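Trainee: Using the sequences plus the hints, can you model the full thing?
Each chain is listed here by its residues.
2 protein chains.
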Amino acid sequence: MKRIAIDMDEVIADFHFKHLNLYNKDFSETLTKEDLYGTRLWNIRPHISKEILAYVDDSIFFRDLAVIDGSQEVIKDLSEQYEIFIVTAAMEHPSSFTAKYEWLKEHFPFLTDRNFVFCGDKSIIRADYLIDDSPKNIERFIGQGLLFTAPHNIHETRYLRVNNWQEVKKLLLNDKSK
Amino acid sequence: MKRIAIDMDEVIADFHFKHLNLYNKDFSETLTKEDLYGTRLWNIRPHISKEILAYVDDSIFFRDLAVIDGSQEVIKDLSEQYEIFIVTAAMEHPSSFTAKYEWLKEHFPFLTDRNFVFCGDKSIIRADYLIDDSPKNIERFIGQGLLFTAPHNIHETRYLRVNNWQEVKKLLLNDKSK
Chain G
1 MKRIAIDMDE VIADFHFKHL NLYNKDFSET LTKEDLYGTR LWNIRPHISK EILAYVDDSI
61 FFRDLAVIDG SQEVIKDLSE QYEIFIVTAA MEHPSSFTAK YEWLKEHFPF LTDRNFVFCG
121 DKSIIRADYL IDDSPKNIER FIGQGLLFTA PHNIHETRYL RVNNWQEVKK LLLNDKSK
Chain E
1 MKRIAIDMDE VIADFHFKHL NLYNKDFSET LTKEDLYGTR LWNIRPHISK EILAYVDDSI
61 FFRDLAVIDG SQEVIKDLSE QYEIFIVTAA MEHPSSFTAK YEWLKEHFPF LTDRNFVFCG
121 DKSIIRADYL IDDSPKNIER FIGQGLLFTA PHNIHETRYL RVNNWQEVKK LLLNDKSK
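Going down the list, the protein sequences come from chains G and E.
For the first sequence, position 61 matches number 61 in the numbering used here, and the numbering has no gaps at all.
For the second sequence, position 131 matches number 131 in the numbering used here, and the numbering has no gaps at all.
Since the hints were made in silico from the structure, they are not lab data.
Fair warning: there could be bad hints in the mix.
Where chains are identical, the list cannot tell them apart; a pair therefore holds if satisfied intra-copy or between any two copies.
Computed cross-link-like contacts, EDC-like style, restricted to lysine to aspartate or glutamate with a CA-CA straight-line distance of at most 20 Å [claimed, not checked]:
{"#": "1", "residue 1": "K105", "residue 2": "D121"}
{"#": "2", "residue 1": "K136", "residue 2": "D113"}
{"#": "3", "residue 1": "K136", "residue 2": "E83"}
{"#": "4", "residue 1": "K18", "residue 2": "E34"}
{"#": "5", "residue 1": "K170", "residue 2": "D64"}
{"#": "6", "residue 1": "K2", "residue 2": "E80"}
{"#": "7", "residue 1": "K170", "residue 2": "E139"}
{"#": "8", "residue 1": "K136", "residue 2": "E92"}
Just so we're clear, the structure is a prediction, and the values are computed from it rather than from any experiment.
Mentor: What follows is the structure in structure tokens.
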């Protein structure tokens with residue numbers, strides 16, 4: 001059975017939506033998703049990047065992120081034909097371990113603990129596919145990377161791109177080689 | 001640069017020493033390491049296996065385990081010639097995430113967060129070597145497994161065995177193929 005590794009933030013968990021809303025509220029701004037095309041919030045407001053990054057050091061920031069549309073249904077379907085591993089760079093935010101674990105247990109109850117990986121460097125992952133929004137993770141992965149569209153990666157052209165979970169489904173459930 | 005994945009419990013962290021001491025104290029017993037040859041504490045006292053297993057559900061159980069002799073020095077030496085990843089099945093005890101992370105930061109300060117992996121199933125790991133006390137992890141690993149001697153695995157004969165960190169050093173620092 002082939003194996004798919006799937007990132008969390010911006011792929012199954014809507015990181016930037018919550019982050020942007022918190023920022024807009026606290027700093028009385030009205031930035032939109034479009035303002036983040038090709039960049040990150042902390043890059044377009046460099047003078048307060050420290051405050052912007054501090055949001056995600058809150059140990060419960062990751063606990064109530066919205067689920068990305070379609071991810072639950074499609075991953076459930078995929079899990080019947082593939083081994084699924086959720087692989088998140090949790091070591092960047094050690095305080096987030098428990099929140100991320102509880103979020104996964106709540107929203108993906110059909111996956112078991114053995115399907116979760118919290119790591120730093122994703123090049124340690126052995127899988128056939130990696131679905132990730134980060135070009136740097138795709139770059140170091142041995143296997144077929146699928147770049148999941150997020151505002152910050154919109155101009156990236158080096159990797160096979162999937163814009164949403166329906167595209168993932170179409171691509172991977174039609175893969176005749178597995 | 002070749003890559004070595006290294007387990008935590010019974011390989012760099014002395015799990016059974018603390019576990020056995022707690023058990024002996026609480027149940028007024030005098031079991032020794034030799035009593036655990038080829039088995040586990042919860043198997044030789046099956047009528048109280050639930051209580052015995054409950055020790056490790058304490059969120060701080062893993063925070064003050066003793067460091068296995070030689071592991072710090074040898075891993076430091078190895079880290080000059082190999083990429084080192086500490087790979088622990090932390091998903092078996094989700095409450096242990098923070099204690100395990102803090103333990104690693106305290107005792108292996110020369111490793112960075114990117115070198116840590118908390119997972120369930122170690123077959124997800126892509127590395128050249130896996131040093132682990134669990135035959136089941138070695139069995140599923142693609143690469144060269146090295147079974148690190150622990151009381152429970154003493155009768156296992158299927159895998160290349162290392163009895164201590166000096167043997168690891170001798171084996172891996174003499175590997176001319178890297």
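Trainee: Please name the hints from earlier in the document that this structure breaks, with their numbers sorted from lowest to highest.
Mentor: Hints 5 and 7 contradicted; others consistent.
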